[in-house]
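Asks: So the chains spell out like this:
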Amino acid sequence: MASVTAAEAAAAEWEEAARKVLVARKPCFGLPTACPTCLPVYVYLRMAQVPFDIDVDTSFPDADHIPYVEFGDCVAFNNEKGGVIEYLKEDKILNLNSKHPSASSPDVLSTKAMVSTWLADALQYELWVVSDGSIAHDIYFSDLSWPIGKILHWKKARDVKQLLGITKLNAAEREEEIYQRASAAYDALSLRLGDQTYLFDNSPTDVDALFLGHALFVLNALPDTSVLRGTLQKHDNLVNFAEHHKAQLLESSSSGLGSSSDPSMSSNPRKKASAGRSYKPKPRAKKERTEEEKTFRRRAKYFLATQLVAVLVFLSLLGGVDSSELEDDDGIDYED
Amino acid sequence: MASAADPAADQNPRDAEPRKPTNEVEAEAEVAEEYEEDDYEEEDEEDEQPDGPAASAAEREKIRAVFQRLSSEQVGIRVHDVVIKGNSKTRDELIEAEVLDLLRAAPTIQDLLRAASVATARLRQLDVFDAVKITLDAGPPELPGTTNVVIEVVEAANPVTGTAGVYSKPEARSWSLEGSLKFKNLFGYGDIWDASGAYGWDQTTEVGVGVSLPRFKSIPTPLMARASLSSQDWLKFSSYKERLLGLSFGLLSTVNHDLSYNLTWRMLTDPSRAASKSIRRQLGHNLLSALKYTYKIDERDSYLRPTKGYAFQSSSQVGGLWDSKGLKFFRQEFDVRGAVPLGFFNSALNVGLGAGVILPLARGFMNSSSPVPDRFYLGGHSSPVCSLSGLSSLLGFRTRGVGPTEPRRLVPSESDGDSSATPGRDYLGGDLAVSAFADLSFDLPLKLFRDAGIHGHAFLTAGNLVKLSEGEYKKFSFPEFRSTFRSTAGVGIILPTKLFRVEVNYCYILKQAEHDSGKTGIQFSFSSPM
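Order-wise, the sequence lines are chains A and B. To convert, note that position 92 of the first sequence is 92 in full-length UniProt numbering; the numbers rise steadily by one, no gaps. To convert, note that position 126 of the second sequence is 126 in full-length UniProt numbering; the numbers rise steadily by one, no gaps.
If you are wondering where the hints come from, they were derived from the structure by calculation, not from laboratory data. Honestly, I wouldn't trust all of these hints.
Unchecked claim - Lysine to aspartate or glutamate pairs mimicking EDC-like chemistry, simulated, CA-CA at most 20 Å apart:
(1) B:K325 to A:D55
(2) B:K236 to A:D55
(3) A:K20 to B:E406
(4) B:K277 to A:D73
When you get a sec, could you build the whole thing from the sequences and use the hints?
Replies: Printed below as a string of structure tokens:
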């Protein structure tokens, strides 16, 4: 009964799902989705050669569950289990790293941490604090009606500032720190990459997806005046890395999204049919318990209702008689 | 309303009594100034009290004569003047505007009495007076057959009133705590300012401030503006929570017509993260800018237990009047009711038919989706007989318990023992809905019941709804729609009380579809009479 773990059940669901859908923010700046959080997921799925469709969500810019991937009746939300990529990895659905020789190496982990903190912070800073807001508006708020878009934009910018710990007093200091870290991260990544096609051992990992998402956004969406973009452009190999993969993953794909790759290629061949649906018993056991509770509750409810009705009958039978008193002051006086 | 005047007059013969006789007596003593006349009148009244038995017998005789005359023929009368007293803060114009035309138009005493009762009701409806009293006084002596109408009002002693209470909403099976604070007549225009709050345990929360004006300058209709922040929890039924921040304006409100405008920031969220795909796609922010027009006739003799008459309501709503990005849809609802008395056991047959349709208005509109909260839902236990927006009730089914559904998100988990592990279904509502009912109400044999208004009924309800948007209209076929109607039959007892109407029904589900939540059995339903 408990032989099938939740992860395996999810993986089976993934295998069975005829259509996988990535729901992300809208495309802009020549990117399939122009959101720095959605882009890595897109890249990850492309790298794993999973056929999928992309749906655009325009009405919920402040939701943290976007991007999400739908497969069958299951959904991998961005705000669960550490993000979509982590969700897919954890549930052994789609793990680029699993085949990887150095997947468990501390290098991969520390690089990932660096990309998802220092670089992500720098990007947030550029997008929400430094820029005039037009980029963010195009990506997130352009499909919302006037006051709503404005209010949400203002709120988000304020939240980012708070998150990055920027106040009026330390703004310059923080800026310097953020750019310094970003620069250091780029240096390290550039060194790491060298002239390889991927960051680690010439095969894709989730770090590649994360960084690629970041780099593509910086190079395509941010304006020429951007400091972050300037810093990244100093590293030719990083720029080439981004351009190379963009050509491979985004441009080639646009023609044959969802059909190009063979489903059997999805990196984690899982025993599918055997897994069956046996992950359901657990909920049923729970149901049984609540069934009793339900009858009890229903009885309690009926009891209460009958009590109430009894009181009402009592009141209306005994209190109904004197209702005429109330009419009293409605009367009309006629005097003269 | 009109009928209320006569019994009232009958009940209070003392008040109505000295009409004719004193008209002659007082004619000599009439003074030009009205206030003096009033003083005189009061004295007169006091004098009359301690009369001897002979005098009172004569008095009674006179009254009878007056009533005789009033009941046998129309007595012509002309309103000479309307005097308003007791309004220290309230403007005369307001009261005059409310009732003057009505009173002046009455050609006979009978009409005037009726008009006076309507006027009293109207002034009471303003909700700014503690008491309203209309007295018909004799006109000036040189003008026989005329009358002065004296309107005495008592303004609310305390302009601030507050209410608080705990209410139950059995349909949603929850309780709510509600309170409101009203400032009446702040500027003397009959303006009512109110601040209200309602908190329901995981159901609804609402805070709002509003102002209503019974009339503004020469515009004869009540105006209303209201800002509110509310949240409505539909997690149990449709896996979403609705938060509304809105402004609404009542632009026109008469007996038959009602026009309102609504500007609302609507946010749908799903904290449970269990929503089905269709609901998930609708989550987010939206601006609803809609104009709604309602036309209503209600000629039934009672709201609680209609036995005669008919009612009709049509409401149309157009959304998307702000910019190109807001919610755009057109929503139309019809509701027809009729009641026919059958002549035995005070029984009556009520029938009703409701239909509604919502169409998204956008490019390729038939392929886009309509907003979930604006769709039609059937089910719920509220009585279809009372409310005139009865499209939604289908006895025997849970609220929102009928129609298109979609499985919720599946969370394949073992360790995670939360409720989302058992995916239910989300009720999505329909774009086209039709419902109908027939209800036979009859008196119960016991006199005790009859006196308390407790009566029985037998009913038959049916309804169906389908999705048309997102291209589903192509699959729509009328025969199929007809054959998938859900229906219930049942009998029950109705206890009308002053506060609300209680029904205890036994419902038998005649027909339901796979995922509907109809249940055969006893049900309690509580509905407020309005």
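Asks: Just pull the numbers of the violated hints for me, sorted ascending.
Replies: Number 2 only.
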